[in-house]
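S.K.: Below, each chain spelled out in residue letters.
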Amino acid sequence: MRSAQDGDSGAYRQLLTEITPLLRRFVCGQRRFLQPCDIEDLVQDILLSLHSVRATYDPNRPFLPWLVAIARNRLADGARRTLRRAANEISVADYPETFSRDAANKLDDGYGDPEALKQAIGNLPRGQRRAIEMLKLREMSLKEAASASGMSVAALKVAVHRGMGALRKVLNDEEQTWKRTN
Amino acid sequence: METNQLIRRLAEDAAPIRRLPAPWRRAAIWFAISLPYVAAVIYAHAALVDPQQMLADRQFLVEEAATLLTAIAAVIAAFCSVVPGFSRMMLLLPLPPLLVWLASLGEGCLRDWLRLGAAGLQLRPDWDCLPPAAMLGIVPMIAIVVMLRRGAPLYPRVTLALAALATASLANFALRTFHVGDASIMVLVWHFGGVLVLSLLAGWIGKLVLSWKHLTTGPATADK
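Chains C and E, in that order, are what the protein sequence lines are.
Numbering follows numbering that gives the first Met the number 0, in which position 56 of the first sequence is assigned residue number 55; successive positions increment by one, without gaps.
Numbering follows numbering that gives the first Met the number 0, in which position 204 of the second sequence is assigned residue number 203; successive positions increment by one, without gaps.
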């Protein structure tokens, strides 16, 4: 370590290579439950920490207590990090966003009975029906619908508004009746 | 990154470095920076107490000695705490002088109470000493934080609390030279209490000031 502090990269590399198996054994001994990849992460974390504080090593003092103090500290930090992550993360077994599950098929996303909707539109007065078909089903603009139908923009707006109100009423009534009978 | 690859990169990055001096030497360096500054602030303060009056007050001398010893012990403990391998018992080094200081103040309070009754323990606000106390602490605190950040942040909260204890004790040591005649209860609450509160606050933000993060950002770590 003394040579490493003096800039001898060969000696430093040899030292790090020699202490790595010791560190691996130390981490394994302290954290038996960890996977090999997690153990390797901790060993690398200790090596990086050792590197960043190598100026604190005093050649007149023993090397191993210095190394073990860093290793213990990094292990404790790692454990705290893991606990913090575990406390703040929510693991989700499966995501509800699927095509078949109920959660992915909400009624709010659209009307659930297209046949009843088609029938209700068919029963609307002619003007309202045409306005709904052009503006809501074919998604034409007001200008396009006005030139196609010969109705004014204001009349189209009124017809759509009234048509939507009538549809809402008819379909709600049908839904209530269906709920009562089932 | 593989561990062998990391070792190779760390070895390549191993430029010669300056070893940190022993904790007691670093403490001496800190005093060498702080004491002239503190002396200059004391000198700049017009209302310095007569040295004869200071030397005649035994309790004042005991308190001053305990305060200075607390500062010395705390700064040595702070510098020991950033060197891996030191015994954790070193962190308790400032405790004995701190207890002597507290005992001396307690004795003063008791004496004031026996002499003056409840009036001897009357507490009043003393904001006058806040600006000089803050002034006395600024440079020593900056110096100690800069020095501590070169070490290993093994116990960041304790280390910064010890640093604040050292700084506040030194500031208090100097401050008492303007406040020699204060009642013990005032010194106990405002001076001793202030030192403890500052130390606790510093300990609270310890991890923000001292962390491995600011150390492990070298070229070898950039793409780990």
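Just to be clear, a hint being listed does not mean it is correct.
[To be verified] 25 angstroms max Cα-Cα, derived DMTMM-like pairs, lysine to aspartate or glutamate:
no. : chain 1 : residue 1 : chain 2 : residue 2
1   : E       : K212      : E       : D49
2   : E       : K212      : C       : D40
3   : C       : K178      : C       : E143
4   : E       : K206      : C       : E88
5   : C       : K135      : C       : D172
6   : C       : K156      : C       : E143
7   : E       : K212      : C       : E39
8   : C       : K142      : C       : E114
9   : C       : K135      : C       : E173
10  : E       : K206      : C       : E143
11  : E       : K212      : C       : D37
12  : C       : K117      : C       : D40
13  : C       : K117      : C       : D57
14  : E       : K206      : C       : D112
15  : C       : K135      : C       : E88
16  : C       : K168      : C       : E132
17  : C       : K117      : C       : E88
18  : E       : K212      : C       : D76
19  : E       : K212      : C       : D57
20  : E       : K212      : C       : E88
21  : C       : K178      : C       : D112
[As the list claims (entries may be wrong)] Far from chain C, by Cβ distances over 10 angstroms, these chain E residues were calculated:
no. : residue
22  : R18
23  : Q52
24  : V82
25  : G84
26  : M89
27  : L91
28  : P95
29  : A102
30  : R149
31  : R156
32  : A182
33  : G193
34  : L195
[Stated by the list, open to error] Not everything, but these chain E residues come out facing chain C in the computed CB check (under 8 angstroms):
no. : residue
35  : L5
36  : I6
37  : R7
38  : A10
39  : E11
40  : A13
Quick caveat, the hints were computed from the structure, so don't treat them as lab data.
A virtual CB, placed ideally from N, CA and C, is assigned to each residue, including glycine.
S.K.: Please list, smallest to largest, the hint numbers that this structure does not respect.
M.R.: As far as the earlier hints go, 1, 3, 8, 10, 12, 13, 14, 15, 17, 22, 24, 25 and 30 are violated by this structure, in ascending order.
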